[in-house]
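Student: Take 33 as the starting number for the sequence shown in this note's numbering and just add one per residue.
No lab work stands behind these hints: they were computed from the structure.
It should be emphasised that the depicted structure is a prediction, and the values quoted were computed from it without experimental measurement.
Zero decoy hints are in this set.
Lysine-lysine pairs mimicking DSSO-like chemistry, simulated, CA-CA at most 30 Å apart:
(1) Lys208 with Lys171
(2) Lys80 with Lys38
(3) Lys48 with Lys80
(4) Lys148 with Lys98
(5) Lys148 with Lys171
(6) Lys151 with Lys101
(7) Lys208 with Lys133
(8) Lys140 with Lys151
(9) Lys98 with Lys78
(10) Lys101 with Lys38
(11) Lys38 with Lys98
(12) Lys133 with Lys171
(13) Lys78 with Lys38
(14) Lys101 with Lys48
(15) Lys208 with Lys78
(16) Lys80 with Lys208
(17) Lys80 with Lys140
(18) Lys208 with Lys101
(19) Lys171 with Lys98
Computed beta-carbon distance windows for the label pairs:
(20) Ser141 with His72: 27 to 37 Å
(21) Lys171 with Lys38: 41 to 51 Å
(22) His72 with Asp100: 12 to 22 Å
Built from N, CA and C at the ideal position, the CB exists for glycine as well.
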Amino acid sequence: MSNSFKSFNLNHNLLKSLEVLNYHVPTPIQSQVIPALLNHRDLVIKSKTGSGKTAAFSIPIIQHIKWDKREPQVLVLTPTRELAIQVKEDMFNIGRFSRIKVEAVYGKSSYESQVKQLKQRTHVIVSTPGRLIDHIVNKTVDLSHITTLVIDEADELLRMGFIDEVERIIGFLPIKRLTVLLSATMPTDI
Numbered sequence: 033m034s035n036s037f038k039s040f041n042l043n044h045n046l047l048k049s050l051e052v053l054n055y056h057v058p059t060p061i062q063s064q065v066i067p068a069l070l071n072h073r074d075l076v077i078k079s080k081t082g083s084g085k086t087a088a089f090s091i092p093i094i095q096h097i098k099w100d101k102r103e104p105q106v107l108v109l110t111p112t113r114e115l116a117i118q119v120k121e122d123m124f125n126i127g128r129f130s131r132i133k134v135e136a137v138y139g140k141s142s143y144e145s146q147v148k149q150l151k152q153r154t155h156v157i158v159s160t161p162g163r164l165i166d167h168i169v170n171k172t173v174d175l176s177h178i179t180t181l182v183i184d185e186a187d188e189l190l191r192m193g194f195i196d197e198v199e200r201i202i203g204f205l206p207i208k209r210l211t212v213l214l215s216a217t218m219p220t221d222i
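Make the full structure from the sequences, and use the hints.
Tutor: Okay, structure coming up:
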């Protein structure tokens with residue numbers, strides 16, 4: 033297990049963000065996940081809430097983002113708007129010195145405002161499935177440059193009946209991409 037984030041050879045801006053956030057020693061899940069994602073390996077992660085999963089996937093994903101590209105490179109699907117907002121904030125904080133632009137897209141929020149934000153440079157989209165499908169159908173989001181898909185709380189997405197929407201969204205993504213699936217439990221359907 034790594035005893036420091038510096039051992040992952042992260043860029044200066046990421047290390048600076050982690051220092052500001054008082055992230056000094058990786059959690060066990062971070063020690064396993066960060067190196068695997070830095071090496072572009074698809075992962076299925078089963079870990080309890082509060083184990084540091086969001087940082088575990090966010091740190092290596094942010095390391096790989098190409099800042100100069102305008103199109104979204106990362107898609108994170110979440111079952112609820114509350115989780116979408118939380119993941120957006122966490123990813124923004126981890127990527128703050130890397131100037132990573134993260135947008136949260138979810139229902140019961142201004143669609144027009146989301147369209148406006150998505151037209152600007154956006155590196156990461158964190159979204160609930162239903163609202164993202166609205167944007168796909170209306171051609172207000174371009175997913176053709178997504179290099180990483182994260183399905184957060186996959187067990188909850190399945191329990192809440194979002195599996196068809198998730199499969200539909202995956203159909204709009206490039207076949208060649210990194211896929212990360214996270215879940216507190218691992219039902220056989222996943």
